[in-house]
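Student: Here's the letter readout for the chains.
2 protein chains.
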Amino acid sequence: MNAKTLTIAFLAAILAFPAAAQDPYAGKREGWLQTAEAAKPALHLTTVKPVAIVQAVRDEHAFQGWKYEPVGKPEDLKERNFKELETVTLDFGKHFVGYFSFHTKTLSRCLDAPVRLKFTFGEVPAELNTPFDPWGKDRLGRAWMQDETITLTRLDEWVRIPRRIAFRYVKIEMMGWPGAGYDFAVDDFTFTAQSTAGEVQTSLEPGCPERIRKIHDVGVETLRECMQTVYEDGPKRDQRLWIGDMYLEALANRYSFRNFDLTKRCLYLFAALAREDGVLFAPVIEDPVPHPQYGTYITPYALLWNVALLDYLEDTGDTAAADDLFPVAKVQIAEGLSFVDERGIFDVAKKPSWLFIDHRAGLDVSASMQGVMIFALQKTYELARRLGREKEVAQYPALIKKMTQAGRKYLYDKKSGLVLSGPDAQVSMMSQSWLTIAGVLTSKESARAIRTALQTEGCVMPGTPYGTHYLVEAMLCSGMADEARAYVEDYWGGMVDKGADTFWEAYDPTDDLYSPYGFHPLNSACHAWSCTPVYFIHKYPEVFQR
Amino acid sequence: MNAKTLTIAFLAAILAFPAAAQDPYAGKREGWLQTAEAAKPALHLTTVKPVAIVQAVRDEHAFQGWKYEPVGKPEDLKERNFKELETVTLDFGKHFVGYFSFHTKTLSRCLDAPVRLKFTFGEVPAELNTPFDPWGKDRLGRAWMQDETITLTRLDEWVRIPRRIAFRYVKIEMMGWPGAGYDFAVDDFTFTAQSTAGEVQTSLEPGCPERIRKIHDVGVETLRECMQTVYEDGPKRDQRLWIGDMYLEALANRYSFRNFDLTKRCLYLFAALAREDGVLFAPVIEDPVPHPQYGTYITPYALLWNVALLDYLEDTGDTAAADDLFPVAKVQIAEGLSFVDERGIFDVAKKPSWLFIDHRAGLDVSASMQGVMIFALQKTYELARRLGREKEVAQYPALIKKMTQAGRKYLYDKKSGLVLSGPDAQVSMMSQSWLTIAGVLTSKESARAIRTALQTEGCVMPGTPYGTHYLVEAMLCSGMADEARAYVEDYWGGMVDKGADTFWEAYDPTDDLYSPYGFHPLNSACHAWSCTPVYFIHKYPEVFQR
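So the sequence lines, in the order shown, correspond to chains X and W.
So for the first sequence, our numbering puts the first residue at 1; every next one is plus one.
So for the second sequence, our numbering puts the first residue at 1; every next one is plus one.
Hints were generated in silico from the structure; no laboratory data involved.
It should be emphasised that the depicted structure is a prediction, and the values quoted were computed from it without experimental measurement.
Treat the hints loosely; a few may be bogus.
[To be verified] Cut-off 27 Å, straight-line C-alpha distance, at most; resulting in silico cross-link-like pairs (DSS-like, lysine-lysine):
no. : chain 1 : residue 1 : chain 2 : residue 2
1   : X       : Lys118    : W       : Lys83
2   : W       : Lys67     : W       : Lys171
3   : X       : Lys73     : X       : Lys94
4   : W       : Lys118    : X       : Lys118
5   : X       : Lys171    : X       : Lys94
6   : X       : Lys171    : W       : Lys118
7   : W       : Lys137    : X       : Lys105
8   : X       : Lys118    : W       : Lys137
9   : X       : Lys137    : W       : Lys78
10  : W       : Lys118    : X       : Lys137
11  : W       : Lys351    : W       : Lys409
12  : W       : Lys171    : X       : Lys118
13  : W       : Lys73     : W       : Lys171
14  : W       : Lys330    : W       : Lys379
15  : X       : Lys49     : X       : Lys78
16  : X       : Lys137    : W       : Lys171
17  : W       : Lys105    : X       : Lys137
18  : X       : Lys171    : W       : Lys137
19  : X       : Lys350    : X       : Lys402
20  : W       : Lys391    : W       : Lys379
21  : W       : Lys351    : W       : Lys379
22  : W       : Lys415    : W       : Lys444
23  : W       : Lys350    : W       : Lys401
24  : X       : Lys137    : W       : Lys83
25  : W       : Lys401    : W       : Lys414
26  : X       : Lys414    : X       : Lys401
27  : X       : Lys83     : W       : Lys137
28  : X       : Lys171    : X       : Lys73
29  : W       : Lys137    : X       : Lys78
30  : W       : Lys78     : W       : Lys171
31  : X       : Lys350    : X       : Lys379
32  : W       : Lys118    : X       : Lys83
[Said to hold, decoys possible] Okay, the calculated beta carbon distance ranges per label pair:
no. : chain 1 : residue 1 : chain 2 : residue 2 : range
33  : W       : Val48     : X       : Lys40     : 37 to 45 Å
34  : X       : Pro134    : W       : Thr47     : 33 to 41 Å
35  : W       : Asp76     : X       : Asp261    : 43 to 51 Å
36  : W       : Val71     : X       : Ser515    : 35 to 43 Å
37  : X       : Ala320    : W       : Asp287    : 50 to 58 Å
38  : W       : Lys73     : X       : Ala361    : 45 to 53 Å
39  : W       : Lys498    : X       : Val57     : 54 to 62 Å
C-beta atoms are modelled at their ideal positions from N, C-alpha and C, and glycine is treated no differently.
Looking at chain X on its own, in the form it has when it is part of the complex (with noise of 0.2 Å):
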């Protein structure tokens, strides 16, 4: 069976893929399947070493209580007994994606019994020095954590770790010996690292000041290891396709890469794998053949989706494409509306979906959605535009008027400059600027809005970048330009005084240990929807450059 046959055959088996008679992509979907994989970019392999060994230490002050420092050169384990060194941790230098590769040595006689090693792979200090077990059995998958236990067999080859890495540090730990009189050393260590990124196609102006500089590194890092065969959200966890990842990827990457087939394969992927009534899912997983991650739909990241193929277009000039994927946008906008009321209101009670807008127990998204049902409302009659197929939204712009008007109406208390969600009337950071970047709100109420809520007492704070990104966005589109710089220096280039060698999925400046999961080292270090410094710096240099 070749890929397509395989994928169809797999779709059909587990999803009962759509009866052609309701679909509204019918007869579209294979053809959007092949031009995703044709347009799947080459992944470019490099081959790295280790640069030091280093020991842990642990330090209050260092970020989630520990640090590495260096105690030798990885050339010294090449003649070290192992049975003697027992365990050694290398550190990588930087974070890398791909497969790990070690070679062992026979130092005397030879192999009497299987020698047992394990690795513990880990992207920061805190996650090889924290005991993954026992695990709490509500957690996500234990096996998420990257620890391996291989058997050899023979000594004097190269063994290939299967599982995929991400990393920048690695012990390795003797669990059973070869015998006594027999001696080895694990003499060789090579990581093939991946990306499909390429090389970056833009640069700084030559005065941007060095901690911008060093905040857009760690960005285009971040970016560079999550660009692979599809815009991961994060490569150790959850390594899959996320509508919300890919629109802030693609964003970064209009300013860094311009690798603009990685995006035209995500937005096909998600329109050919969309439900039979042509909604998206949120998260798309390529193995063992694509398929969506059943069940897991999120109304806000379906949206953006037209944002994101609006920016394509833009990017590219690929009218064709667009044109092609302008039917699921429309489905896209018409599921959303279906749930907002008469007065123009997005009534978050109908529950359509997992209204994911950042994670913060607690948080109220009556608000933001309002906001990004509007802004989508707003890009998709853009993207028509463009296409010259305006008749076929001409309600759009009465619409975005109504649920503007009905957005000051129900959720904009002028009397305190607040945007107030749900039946608590909860201020949150992510109210105000989703209101901001959907322009309910005037620029001067915006900026006032922003402020006055950045100074409640219990106002709700983002809780990760992906929601500091709208945070800020917001900020920038209110003219409080300085206000976004710093927090940008201050939120992003906080990770990096922390030592962020690639921005996090979660960080709370004031909790370290802060994890969505119920147990830090689960959290990804290496976060795509953390990587918008990179399009905040380039788009706006007056702004972060000077």
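Following the hints, complete the assembly by docking chain W onto the known chain X.
Tutor: Positioned in the frame of chain X, the structure of chain W alone reads:
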């Protein structure tokens, strides 16, 4: 690099391969390695499936305290949610050697997190129900235990566990789940069993008693499992060619598979890889390229290699090979004789090597070594005679006579009728047996010695089937047909009564937990040196089959 170049480079690097000047096999070794390679028999592969889902039951009457009871059919697992099952144990119905594969199946949605499964393979029930850890620091290697943990990053495909397995039972445990709402089954299991043995070429007499037939069949299975690309000692542990095991396997092979290519290959491997002075290493390891287990010499094994060469010649008439290897036989005799003192006694105090005769703490091997040396002289002289090369070993008959007389004088106590070994005049079955086999005692004296020793309090009994083989052989040399048969029925039949599918490396009828390694799960439960009932039953049909 081809295999040969690799071998030479490897040996040169590790062994500091013999300088031609002192090497008695100069110019021969590479050709011998090639001959060994050319004689390698093909592996016969068969695909097998589990026959039952089983449950472990603690039972003090069962071997080592555990047995399995069937509780279901493997087909029932095809749709079973492994997340709910969590663990399952399968019985493959008999012992197999080869490679284990399994297939997974998505039951609902897809895979959210990688899945981690732990497979523990065991030859006997107690092996899967005895905790391995914490592992004693001075034990043999932990990785002999066949537990392997596999991380799956995708489902709906076949996965093969890399290491070769020897087992009948496998326990599968879920160590990392795929996430709430994501369900999967482990829906197929396949084992690719391998052996070079081929088909049995012999048959028992129609009237052969059932008990003898059963013992015979278990012996054949034991041999089949150990016949890989060399005669292995045990396919679980330690997976290599030892001279002592080869000698007994070749005896059983004469009366069953008659696959003499394997014998030829093994004889040549030992010769090609001998020490620089021509002395044979006791074990040879095939991977990554054939090499000896450096530093491990066993003089009685080296001497038995000569006997195996004679047997090979008798079975095949391959005088070319025997002629080719005869110089090696002479070197082993010369090496052995260098430890014989002027009285004609093999002097163990000279500590020529590890003098392995049997696993029994405190066993004195002085008398046994006298027997092995004489036996090897006899058989090597017979070999020379058949090759027409008696002149080269013209001194052997006189040496045999001298050592026989010395044995009678210094080791045999006419009064008690016992062979006494070492400074403490130890009585052991090994001493009686070896001086019997060597013909130092008359048949009548032998029978008396064996019977008396069996009734002597404190007599050191055999610790293994290896030692027991020589005792039964001695009985058969001494006209003790009934006792020999009773011993086989009692000893090997005892293993059958305790559920053996294959005969064990170590067996003490009075102590199921006996282990030469301080931990009974380390014992090999399918061990070549215990397969010799096949030889006895066929060679002496009048004793065993009627």
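Student: The structure should be examined with respect to each hint, and the outcome stated for every one.
Tutor: Cross-check of the supplied hints:
1. For the hint pairing Lys118(X) with Lys83(W), the CA-to-CA distance comes to about 25 Å; that is within 27 Å, so the pair holds.
2. Annotation: proposed proximity of Lys67(W) to Lys171(W) holds, straight-line Cα distance about 14 Å (limit 27 Å).
3. Distance check on the hinted pair: Lys73(X) and Lys94(X) sit about 16 Å apart at the alpha-carbon level, within 27 Å; holds.
4. Of the pairs offered as hints, the one joining Lys118(W) and Lys118(X) holds, with about 14 Å between alpha carbons and a cut-off of 27 Å not exceeded.
5. For the hint linking Lys171(X) to Lys94(X), the alpha-carbon distance of about 15 Å falls within 27 Å, and the restraint holds.
6. Taking the CA atoms of Lys171(X) and Lys118(W), the gap is near 21 Å; set against the 27 Å cutoff, the hint holds.
7. The hinted pair formed by Lys137(W) and Lys105(X) meets the criterion: a straight-line CA distance of about 23 Å does not exceed 27 Å.
8. A threshold of 27 Å between alpha carbons decides the hint, and for Lys118(X) with Lys137(W) the separation of about 17 Å falls inside it, so the pair holds.
9. Restraint check: the Cα-Cα separation between Lys137(X) and Lys78(W) comes to about 25 Å, which is no more than 27 Å; the hinted pair holds.
10. Note on Lys118(W) and Lys137(X): the hinted pairing holds, with a Cα-Cα distance of about 17 Å set against a maximum of 27 Å.
11. Distance restraint check for Lys351(W) and Lys409(W): the Cα-Cα separation of roughly 22 Å lies within the 27 Å cut-off, and the hinted pair is therefore satisfied.
12. Of the supplied pair hints, the one linking Lys171(W) and Lys118(X) holds, its CA atoms being roughly 21 Å apart against a limit of 27 Å.
13. A distance of roughly 15 Å separates the Cα atoms of Lys73(W) and Lys171(W); the hinted pair therefore holds under the 27 Å criterion.
14. In summary, the hint linking Lys330(W) to Lys379(W) is supported, as the alpha carbons are separated by about 11 Å, within the 27 Å threshold.
15. Under the criterion of a C-alpha separation no larger than 27 Å, the hint pairing Lys49(X) with Lys78(X) is consistent with the structure, at around 13 Å.
16. A threshold of 27 Å between alpha carbons decides the hint, and for Lys137(X) with Lys171(W) the separation of about 21 Å falls inside it, so the pair holds.
17. Simply put, Lys105(W) and Lys137(X) have alpha-carbon atoms about 23 Å apart, close enough for the 27 Å limit, and the pair holds.
18. Straight-line distance between C-alpha atoms of Lys171(X) and Lys137(W) comes to about 21 Å, which keeps the hinted pair within the 27 Å bound.
19. Between Lys350(X) and Lys402(X) the CA atoms are separated by roughly 20 Å; this keeps the pair inside 27 Å, and the hint holds.
20. Restraint check for Lys391(W) and Lys379(W): satisfied, since their Cα atoms lie roughly 15 Å apart, inside the 27 Å limit.
21. Of the pairs offered as hints, the one joining Lys351(W) and Lys379(W) holds, with about 24 Å between alpha carbons and a cut-off of 27 Å not exceeded.
22. In summary, the hint linking Lys415(W) to Lys444(W) is supported, as the alpha carbons are separated by about 14 Å, within the 27 Å threshold.
23. Our distance criterion of 27 Å between C-alpha atoms is met by Lys350(W) and Lys401(W), whose separation comes to about 22 Å.
24. Among the hinted pairs, Lys137(X) with Lys83(W) is consistent with the structure: their alpha-carbon atoms are about 12 Å apart, no more than 27 Å.
25. A threshold of 27 Å between alpha carbons decides the hint, and for Lys401(W) with Lys414(W) the separation of about 19 Å falls inside it, so the pair holds.
26. At most 27 Å may separate the alpha-carbon atoms for a hinted pair to count; Lys414(X) and Lys401(X) meet this at roughly 19 Å.
27. A threshold of 27 Å between alpha carbons decides the hint, and for Lys83(X) with Lys137(W) the separation of about 12 Å falls inside it, so the pair holds.
28. Pair hint Lys171(X) plus Lys73(X) holds up; C-alpha atoms about 15 Å apart against a cutoff of 27 Å.
29. Distance check on the hinted pair: Lys137(W) and Lys78(X) sit about 25 Å apart at the alpha-carbon level, within 27 Å; holds.
30. Straight-line distance between C-alpha atoms of Lys78(W) and Lys171(W) comes to about 16 Å, which keeps the hinted pair within the 27 Å bound.
31. In summary, the hint linking Lys350(X) to Lys379(X) is supported, as the alpha carbons are separated by about 24 Å, within the 27 Å threshold.
32. Between Lys118(W) and Lys83(X) the CA atoms are separated by roughly 25 Å; this keeps the pair inside 27 Å, and the hint holds.
33. In this structure the hint that Val48(W) and Lys40(X) lie 37 to 45 Å apart at CB holds, the actual value being about 40 Å.
34. Judged by the Cβ atoms, the range 33 to 41 Å given for Pro134(X) and Thr47(W) holds: they are separated by roughly 38 Å.
35. Our hint of 43 to 51 Å for Asp76(W) and Asp261(X) holds, since their Cβ atoms are close to 47 Å apart.
36. Between Val71(W) and Ser515(X) the CB atoms are about 41 Å apart, so this pair conforms to the stated range of 35 to 43 Å.
37. Hint check: Ala320(X) to Asp287(W), Cβ distance near 56 Å, so the stated range 50 to 58 Å holds.
38. Lys73(W) and Ala361(X) have their C-beta atoms about 47 Å apart, which keeps the hinted 45 to 53 Å range intact.
39. For Lys498(W) paired with Val57(X), a C-beta distance near 55 Å keeps the hint of 54 to 62 Å intact.
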